[in-house]
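Trainee: If you want the building blocks of each chain, they are given just below.
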Amino acid sequence: MLFPTIEFGFFFAFTFALAWTFQNQNLVRKAILLGLSLFFYASWNPKFVLLILAIGSISFLAGSLADASRPKTIRACALFVGVCLNLLILIYFKYLDFIAAQFYSLSNWIGVPVPEVFVDITLPVAISFMVFHSISYISDVHSGKMRASSSPLDIFLYISFFPHLVAGPIVRANDFLPQLEAPADTRGISLDENCLLILGGLFKKMVIANYLAVNLVDPVFTDPSQFSRWDLTWAAYGYAVQIYADFSGYTDIAIGIAALLGYRFPQNFNQPYRAIGVGDFWRRWHITLSNWLRDYLYIPLGGNRRGALHTVRNLMVTMVLGGLWHGANWTFLIWGFLHGAALVVDHGLRQTQTVARLQRNPLARAAAWAATFHFVCFAWIFFRAPSLDVAGQFLSGLWTDNGAAGTAPWIVFPLIACGALTQVLPADARTIVGRMLDGQGRAVRIGVNFVLLYGLLVMAPSRSAPFIYFQF
Amino acid sequence: MKQRTCDTPRDWAVVVYSVLGLAVFCFPGGVLDFLEERNGGGWLAAPVQVMRAFDRASGAIGLSEVGAELRGAFAAQFEQDASQ
Numbered sequence: 001m002l003f004p005t006i007e008f009g010f011f012f013a014f015t016f017a018l019a020w021t022f023q024n025q026n027l028v029r030k031a032i033l034l035g036l037s038l039f040f041y042a043s044w045n046p047k048f049v050l051l052i053l054a055i056g057s058i059s060f061l062a063g064s065l066a067d068a069s070r071p072k073t074i075r076a077c078a079l080f081v082g083v084c085l086n087l088l089i090l091i092y093f094k095y096l097d098f099i100a101a102q103f104y105s106l107s108n109w110i111g112v113p114v115p116e117v118f119v120d121i122t123l124p125v126a127i128s129f130m131v132f133h134s135i136s137y138i139s140d141v142h143s144g145k146m147r148a149s150s151s152p153l154d155i156f157l158y159i160s161f162f163p164h165l166v167a168g169p170i171v172r173a174n175d176f177l178p179q180l181e182a183p184a185d186t187r188g189i190s191l192d193e194n195c196l197l198i199l200g201g202l203f204k205k206m207v208i209a210n211y212l213a214v215n216l217v218d219p220v221f222t223d224p225s226q227f228s229r230w231d232l233t234w235a236a237y238g239y240a241v242q243i244y245a246d247f248s249g250y251t252d253i254a255i256g257i258a259a260l261l262g263y264r265f266p267q268n269f270n271q272p273y274r275a276i277g278v279g280d281f282w283r284r285w286h287i288t289l290s291n292w293l294r295d296y297l298y299i300p301l302g303g304n305r306r307g308a309l310h311t312v313r314n315l316m317v318t319m320v321l322g323g324l325w326h327g328a329n330w331t332f333l334i335w336g337f338l339h340g341a342a343l344v345v346d347h348g349l350r351q352t353q354t355v356a357r358l359q360r361n362p363l364a365r366a367a368a369w370a371a372t373f374h375f376v377c378f379a380w381i382f383f384r385a386p387s388l389d390v391a392g393q394f395l396s397g398l399w400t401d402n403g404a405a406g407t408a409p410w411i412v413f414p415l416i417a418c419g420a421l422t423q424v425l426p427a428d429a430r431t432i433v434g435r436m437l438d439g440q441g442r443a444v445r446i447g448v449n450f451v452l453l454y455g456l457l458v459m460a461p462s463r464s465a466p467f468i469y470f471q472f
Numbered sequence: 001m002k003q004r005t006c007d008t009p010r011d012w013a014v015v016v017y018s019v020l021g022l023a024v025f026c027f028p029g030g031v032l033d034f035l036e037e038r039n040g041g042g043w044l045a046a047p048v049q050v051m052r053a054f055d056r057a058s059g060a061i062g063l064s065e066v067g068a069e070l071r072g073a074f075a076a077q078f079e080q081d082a083s084q
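Chains A and B supply the protein sequences, listed in that same order. Going by my numbering, the first sequence opens with residue 1, and the numbers climb by one from there. Going by my numbering, the second sequence opens with residue 1, and the numbers climb by one from there.
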């Protein structure tokens, strides 16, 4: 069940009514939301609901045993077992075939072929996000940042709550679980700001991302050798806009829907293509994943506390694993490696006095922005390419031009301009407009939201492609 | 800034369902097709009848045609088949 579908429209209308009908019976409300979240997930593959229940059970049991009230040894064992079980689930479903393929290639290469046995595992939707939520909860309980929850219902709902279930944002347990303890409330949440967030997210996904994919990015990345340098260049820029519009559109809808049910999610994007430096980019792009990798991987590895060499190692390990998290493919590994190397350079440069002086110079800042943006676009080529061969063809075509004529339709340029506009508009524009609308009468609010939805329905294609991050 | 008018869940519901209802009234075809596709055993007969009434009412005042024409014109700009 995708967000921009009639099916989800019915699902949301039903959920919204039930959730607020039982506003003051918190236990019933949470049970309903859990049931509906499992139904939402079952719409892809009902048997994988068992996987959610398994991850939820691991989280609850390991969390209970890792609580500060337990002896130190038991807490350490609970952390170890809980994290290992989660990682084993992730490795089994996501990486086993990839690891097996590399093993068979290696065995053939060294001349000791072994019979190939592939398990052909179906990758469950959202497995990475479920595992990240679970590890986050167990680790936070173990480190004493929060107490273990005594309610299995809360833990299952935390893991499976449908707005964040499929593609994030990655919500921290110590942010979300306290919200489940008291009845949800509309006070303090702006209806119109969140309606604008949802409508904006739908526009980014259904109009910008969908049409860019169909008209430019998908054809070019299917066979780059048929396209000119002009098309390839615009496809690289187009994909940068597409993936931003697609993923930030999804999280905008997720954050807005959670708010309409009375829960707050963290921000996941902050105009990432305005970044000056790769470090700055990662503070603006998929913020909840960046923070997760920092808190549960980079810092436990030692962070930047043990000298320059260890910092380099930790940055590279974090980013390469972050790349592999997106999928078992060499293209993601290279993408992670490129970002890791860029972060090492960025980290090194920021230690120097010259860079500190240059940061005050507008021309130097503009050059740093251009370098950052083009590096990110370059790395996206590996991220989007289905294989290293295709990435190689793409880069080779940028150099040789392939002798083809430019074919990019005119419509992609206003779409890319729309994507650029999202990066330069004031970050709090939606909040200001939303709060202004909150002060208006019902008719005005209904009218404004309806006109925006009408415009969206006019522009949207009949069927929406899946969100890019569903596969991760 | 003025006091918010929609602080209760009921007020939220009025805005949300009004907007969704108006959208369905302007573009009834999609929802009608959706329900008819799933009405194999006749278990959605009542909602289908309601949506057909919506469709007729929307068509009678020209709303559904305007919406379909606008969608068609926009899809043509994007070289997409609106019927897909």
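Mixed in with the good hints there might be a few duds.
Just some of the chain B residues that point at chain A, by a computed CB distance under 7 Å [stated by the list, open to error]:
(1) Phe-25
(2) Phe-34
(3) Arg-71
(4) Phe-78
According to the in silico footprint, chain B covers these stretches of chain A (three or more CB under 8 Å from chain B) [what the hints assert, rightly or not]:
(5) 99–112
(6) 152–159
(7) 309–322
No lab work stands behind these hints: they were computed from the structure. Note that CB positions come from ideal geometry on N, CA and C, so glycine has one too.
Trainee: If a hint holds in the structure, say so; if it doesn't, say that too.
Mentor: Hints versus structure:
Using the Cβ-Cβ criterion of 7 Å, the hint placing Phe-25 of chain B at the interface with chain A is not satisfied: the shortest such distance is roughly 10 Å. Given hint, Phe-34 of chain B at the interface with chain A, holds; its Cβ is 5 Å from that chain's nearest Cβ, closer than 7 Å. Against a cut-off of 7 Å between C-beta atoms, the interface hint on Arg-71 of chain B holds, since the closest Cβ of chain A lies about 6 Å away. Hint status for Phe-78 of chain B relative to chain A: holds, with the closest Cβ pair at about 5 Å, below 7 Å.
With 0 residues having a Cβ less than 8 Å from any Cβ of chain B, the stretch 99–112 of chain A misses the three-residue criterion, and the hint is violated. Coverage of the stretch 152–159 of chain A by chain B is violated. Counting CB-CB distances below 8 Å, 0 residues qualify, and the rule asks for three or more. With a threshold of 8 Å between beta carbons, the proposed coverage of the stretch 309–322 of chain A by chain B is violated, since 0 of its residues qualify and at least three are required.
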